[in-house]
Amino acid sequence: QKEVEQNSGPLSVPEGAIASLNCTYSDRGSQSFFWYRQYSGKSPELIMFIYSNGDKEDGRFTAQLNKASQYVSLLIRDSQPSDSATYLCAVSGNTPLVFGKGTRLSVIA
Amino acid sequence: EADIYQTPRYLVIGTGKKITLECSQTMGHDKMYWYQQDPGMELHLIHYSYGVNSTEKGDLSSESTVSRIRTEHFPLTLESARPSHTSQYLCASTQQGSSNQPQHFGDGTRLSIL
Chain A
1 QKEVEQNSGP LSVPEGAIAS LNCTYSDRGS QSFFWYRQYS GKSPELIMFI
51 YSNGDKEDGR FTAQLNKASQ YVSLLIRDSQ PSDSATYLCA VSGNTPLVFG
101 KGTRLSVIA
Chain B
1 EADIYQTPRY LVIGTGKKIT LECSQTMGHD KMYWYQQDPG MELHLIHYSY
51 GVNSTEKGDL SSESTVSRIR TEHFPLTLES ARPSHTSQYL CASTQQGSSN
101 QPQHFGDGTR LSIL
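Just so you know, the protein sequences line up as chains A and B, in that order. With our numbering applied, the first sequence corresponds to residues 1 to 109, in that order. With our numbering applied, the second sequence corresponds to residues 1 to 114, in that order.
To be clear, the hints were calculated from the coordinates, so they are not data collected in a lab. Don't take every hint at face value.
Stated by the list, open to error - Derived SDA-like pairs (lysine to any residue); straight-line CA-CA distance at most 20 Å:
# : chain 1 : residue 1 : chain 2 : residue 2
1 : A       : 56        : A       : 66
2 : A       : 67        : B       : 102
3 : A       : 101       : B       : 58
4 : A       : 42        : B       : 42
5 : A       : 42        : B       : 7
6 : A       : 67        : A       : 9
7 : A       : 2         : B       : 61
Said to hold, decoys possible - Below, a sample of chain B positions facing chain A; criterion: calculated Cβ distance under 8 Å:
#  : residue
8  : 48
9  : 51
10 : 52
11 : 90
12 : 100
13 : 103
14 : 108
Here the structure is a predicted model, which means the values were calculated and not measured. Where is the CB? At the ideal position from N, CA and C, for every residue including glycine.
Could you put together the complete structure from these sequences and hints?
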């Protein structure tokens, strides 16, 4: 059974701080890694993807991948109250995406 | 911007009714998926399709059925709705080919069975 593990939170950070969200996965054959943001009552929206080891930056978001450790993370710099949401890690190989249960982030103004 | 549409957005209906939730995408994506998600809970894959006339069951057992007669259309049907079917149903699609393609989600259908 392929698994994706995330701390459910809530993770509370003050406005302007860096939020660090973590995810581990069990399938070493996983090739693609995605971060989705889901606001309460809404559908998930893709915010980042990463395929290779290392860091990938997009605006205030940085995704980090370490395939040897089977670990992927998302950093959100200068966190804003509007970043408060559940963040879903998703991992893909040759099967449908496997989603983690999500980490709930709360940014306190 | 992904073009994937779900109707209805909200449905409140009585027990025993037959329900069809519609999902359409205009991107020509081969792969389509149905997820079930209760409020504040995780996503559960219930059905997926990798092309016309191809459907598979997902990780969560569901009494619903799906069909894929056209590439752009992936409806989900409940023959006899029950209160336990109350949930949010999310449709997603992705391009065929490498596994590097992300899934794009529709806005979902919030289903309430009385």
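Right, here's what the structure says about each hint:
1. Annotation: proposed proximity of residue 56(A) to residue 66(A) holds, straight-line Cα distance about 12 Å (limit 20 Å).
2. For the hint linking residue 67(A) to residue 102(B), the alpha-carbon distance of about 19 Å falls within 20 Å, and the restraint holds.
3. Under the criterion of a C-alpha separation no larger than 20 Å, the hint pairing residue 101(A) with residue 58(B) is consistent with the structure, at around 16 Å.
4. With a CA separation close to 13 Å, the supplied pair residue 42(A) and residue 42(B) stays within the 20 Å bound.
5. Restraint check for residue 42(A) and residue 7(B): satisfied, since their Cα atoms lie roughly 15 Å apart, inside the 20 Å limit.
6. The suggested pairing of residue 67(A) with residue 9(A) is violated, with an alpha-carbon distance near 24 Å, which exceeds 20 Å.
7. Restraint check for residue 2(A) and residue 61(B): satisfied, since their Cα atoms lie roughly 17 Å apart, inside the 20 Å limit.
8. Look at residue 48(B): its Cβ gets to within about 5 Å of chain A, closer than 8 Å, so that hint holds up.
9. Because the closest C-beta pair between residue 51(B) and chain A is about 14 Å apart, greater than 8 Å, the hint is violated.
10. The interface hint given for residue 52(B) is violated, since its Cβ lies 18 Å from the closest Cβ of chain A, which is over the 8 Å cut-off.
11. At its closest, the beta carbon of residue 90(B) sits 5 Å from a beta carbon of chain A; the interface hint therefore holds under the 8 Å criterion.
12. Below 8 Å, beta-carbon pairs count as interface contacts, and residue 100(B) has one with chain A at about 5 Å; its hint therefore holds.
13. For residue 103(B), the interface hint holds, since its Cβ comes within 8 Å of a Cβ in chain A; the closest pair sits about 6 Å apart.
14. Checking residue 108(B) against chain A by beta carbon gives a least distance of about 5 Å; that is within 8 Å, so the hint holds.
The structure fails hints 6, 9 and 10 (numbered hints given earlier, in ascending order).
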